[in-house]
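2 protein chains.
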Amino acid sequence: MTDAINHQWRLAARPVGLPKTSDWSFTSEAPPVPGPGQVLVRVLYLSLDPAMRGWMNEGKSYVPPVGIGEVMRALGVGRVVASNDPSIAVGDHVVGLMGAQDYAVLAAKEATRIEPSLAPLPTWLGVLGMPGMTAYFGLLDVGQPKPGETVVVSGAAGAVGGLVGQIAKLKGCRVIGIAGGADKCRYVVEDLGFDGAIDYKAEDVRKSLRALAPKGVDVYFDNVGGDILDTVLAQLARGARIAICGAISQYNSTEGVKGPANYMSLLVNRARMQGFVVFDYAARYAEAARDIAVWIAEGKVKAKEDVAVGLENFPATLLKLFKGENFGKLVLKLAD
Amino acid sequence: MTDAINHQWRLAARPVGLPKTSDWSFTSEAPPVPGPGQVLVRVLYLSLDPAMRGWMNEGKSYVPPVGIGEVMRALGVGRVVASNDPSIAVGDHVVGLMGAQDYAVLAAKEATRIEPSLAPLPTWLGVLGMPGMTAYFGLLDVGQPKPGETVVVSGAAGAVGGLVGQIAKLKGCRVIGIAGGADKCRYVVEDLGFDGAIDYKAEDVRKSLRALAPKGVDVYFDNVGGDILDTVLAQLARGARIAICGAISQYNSTEGVKGPANYMSLLVNRARMQGFVVFDYAARYAEAARDIAVWIAEGKVKAKEDVAVGLENFPATLLKLFKGENFGKLVLKLAD
Chain V
1 MTDAINHQWR LAARPVGLPK TSDWSFTSEA PPVPGPGQVL VRVLYLSLDP
51 AMRGWMNEGK SYVPPVGIGE VMRALGVGRV VASNDPSIAV GDHVVGLMGA
101 QDYAVLAAKE ATRIEPSLAP LPTWLGVLGM PGMTAYFGLL DVGQPKPGET
151 VVVSGAAGAV GGLVGQIAKL KGCRVIGIAG GADKCRYVVE DLGFDGAIDY
201 KAEDVRKSLR ALAPKGVDVY FDNVGGDILD TVLAQLARGA RIAICGAISQ
251 YNSTEGVKGP ANYMSLLVNR ARMQGFVVFD YAARYAEAAR DIAVWIAEGK
301 VKAKEDVAVG LENFPATLLK LFKGENFGKL VLKLAD
Chain P
1 MTDAINHQWR LAARPVGLPK TSDWSFTSEA PPVPGPGQVL VRVLYLSLDP
51 AMRGWMNEGK SYVPPVGIGE VMRALGVGRV VASNDPSIAV GDHVVGLMGA
101 QDYAVLAAKE ATRIEPSLAP LPTWLGVLGM PGMTAYFGLL DVGQPKPGET
151 VVVSGAAGAV GGLVGQIAKL KGCRVIGIAG GADKCRYVVE DLGFDGAIDY
201 KAEDVRKSLR ALAPKGVDVY FDNVGGDILD TVLAQLARGA RIAICGAISQ
251 YNSTEGVKGP ANYMSLLVNR ARMQGFVVFD YAARYAEAAR DIAVWIAEGK
301 VKAKEDVAVG LENFPATLLK LFKGENFGKL VLKLAD
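Protein chains in written order, with full-length UniProt numbering: chain V, 1 to 336; chain P, 1 to 336.
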């Protein structure tokens with residue numbers, strides 16, 4: 001390790017609107033030294049997630065904000081290069097909160113060992129990782145879809161949305177995805193088996209949704225907020241459930257969040273809108289991962305990752321998320 | 001009945017913003033003649049409800065709109081003056097959808113007999129009527145308050161809100177009311193036993209709510225929508241439940257409904273917002289009425305009605321609701 005350099009993206013400013021590269025500083029230092037009960041990890045892949053935008057803001061949320069000067073928070077998968085804990089060996093692969101850097105020190109109990117022979121490393125950040133858990137619990141626990149119901153998911157070609165739709169299909173639902181662009185719409189229908197897709201960039205979402213979900217929407221899994229949430233609210237079926245997973249259309253707004261003007265549809269349709277945070281389901285991650293792994297093995301669930309390369313490209317790659325340019329789970333590869 | 005005249009308020013135009021008298025026409029004709037299985041009722045009191053504003057709009061809702069030219073829909077209590085059904089006798093008192101008129105024909109099965117010796121007639125339109133059912137089921141079924149939790153209700157001095165708070169107190173909750181004006185705030189604390197009240201016309205609701213509910217809001221029963229909903233959303237406790245009963249601040253908006261910009265607090269706080277329509281609980285009205293009647297008899301629940309007089313004053317009296325001028329359940333007395 002004597003020659004190794006730990007490059008890091010540290011938060012330099014709280015962004016206004018879309019983050020820019022100058023909101024971080026790119027620094028380098030010697031890799032950290034693990035203390036007792038800790039491991040040192042060479043980070044191999046970083047997970048790039050919409051939630052990162054929220055972590056950059058000041059103020060109360062479900063986790064504390066990243067402090068100015070701190071390494072940008074990021075989930076990652078890596079290889080253990082030094083261990084001071086008997087539960088993890090050098091050479092093991094682990095998932096955990098590693099940060100946007102080459103080397104990370106983690107408490108052994110906060111590093112989850114994975115088995116790379118079961119699935120490629122990026123998949124552990126996708127359908128077998130947080131996005132997978134988010135889709136699984138958000139859909140099944142909050143959305144509670146029943147066979148024959150119509151499930152709509154926005155961000156349908158993204159890491160979470162793609163899995164939400166596939167699980168809903170497995171549960172016997174009719175599934176409509178909303179995504180940006182013909183390629184993504186074709187992908188969710190042809191590759192992931194959705195019953196229909198709406199290209200919000202090219203179609204009148206209201207009209208298309210009425211055509212594809214003529215009996216109304218029973219479950220809406222919302223990743224985007226904004227106008228699309230309002231449009232779906234206007235077409236709820238009675239007793240509908242909306243799972244609020246995210247609002248990526250609003251994260252970079254400089255004019256304040258657009259609240260859903262059609263929320264009184266919740267009253268008319270005796271419907272509910274419920275938020276959730278995946279961390280609350282930590283005690284049940286194993287259950288979800290087992291189900292999803294079986295579905296992958298049986299060919300019933302497809303994993304797709306969008307892999308960018310090079311830690312130096314962290315800011316530009318993260319922006320792809322907010323521009324809707326990613327296709328499947330967005331990860332950044334740092335090393336082999 | 002040969003001399004009787006049936007005065008009626010018929011919808012003449014769909015209002016834009018606040019209704020005006022000219023949105024109805026005041027007509028008169030001979031009282032209708034009941035057919036087989038029907039009764040003729042002399043309407044004694046009409047119920048004036050925020051929901052009436054929605055009934056005047058075109059478009060899909062939980063009930064069809066009132067048609068242009070039709071008698072304005074209204075609940076009422078009255079005395080049966082002719083009956084073609086063995087289940088109801090002349091002289092009986094009944095509650096039902098009578099419309100804004102002196103005489104109404106109802107199907108006997110849609111007229112609910114009441115016992116005027118148990119409570120004054122207007123009370124059957126208040127805590128023993130739809131507002132009572134709305135408060136009871138909205139709070140207990142949708143809000144699901146638990147002892148020790150903090151319950152906040154807007155429109156706290158209104159027909160529904162006042163009862164919501166009283167029931168929440170009975171269930172062991174800390175109760176904060178939001179109402180307009182010092183008199184109403186004093187009333188909900190001193191007469192109804194709320195733990196605190198916020199005068200939204202005079203106070204900074206955000207600050208006062210923070211002071212009165214320092215641990216956050218567990219249950220919010222929303223009658224008003226708009227800025228107050230947003231303010232409460234920003235101060236939810238984890239796992240909070242919002243029961244959407246109405247949005248009187250928005251019903252007359254000519255600029256579209258203001259959606260709750262802070263709705264992502266549902267995610268941060270793992271909270272839910274759920275709409276309901278009291279009619280869905282029809283099979284359980286008897287259960288609620290029994291509980292409420294017992295609470296009244298025990299002095300644990302107070303009923304308050306705001307009685308205006310004269311069918312000719314229907315439009316002006318209805319406007320009191322939207323100006324926040326009523327104090328307790330607003331009814332219009334037509335005859336003794």
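Just so you know, the hints here were simulated from the structure itself, not pulled from any lab data. Each hint should be verified, as a subset may be incorrect.
Identical chains blur together in the list; that is why a pair holds if it fits in one copy or across any two.
What the hints assert, rightly or not - Think about it this way: if two alpha-carbon atoms lie no more than 27 Å apart in a straight line, the pair counts; the simulated BS3-like pairs of lysine-lysine are:
#  : residue 1 : residue 2
1  : LYS300    : LYS207
2  : LYS333    : LYS323
3  : LYS300    : LYS109
4  : LYS146    : LYS60
5  : LYS302    : LYS258
6  : LYS258    : LYS207
7  : LYS60     : LYS207
8  : LYS258    : LYS60
9  : LYS109    : LYS146
10 : LYS302    : LYS109
11 : LYS258    : LYS201
12 : LYS207    : LYS20
13 : LYS146    : LYS320
14 : LYS215    : LYS60
15 : LYS171    : LYS320
None of the values given here were measured: they were computed from a predicted structure.
Discussion item. Hints numbered earlier in the text: which of these fail when held up against the supplied structure?
Written reply: Violated hints (numbers, rising): 1, 3, 5, 9, 10, 12, 13 and 15; every other hint is consistent with the structure.
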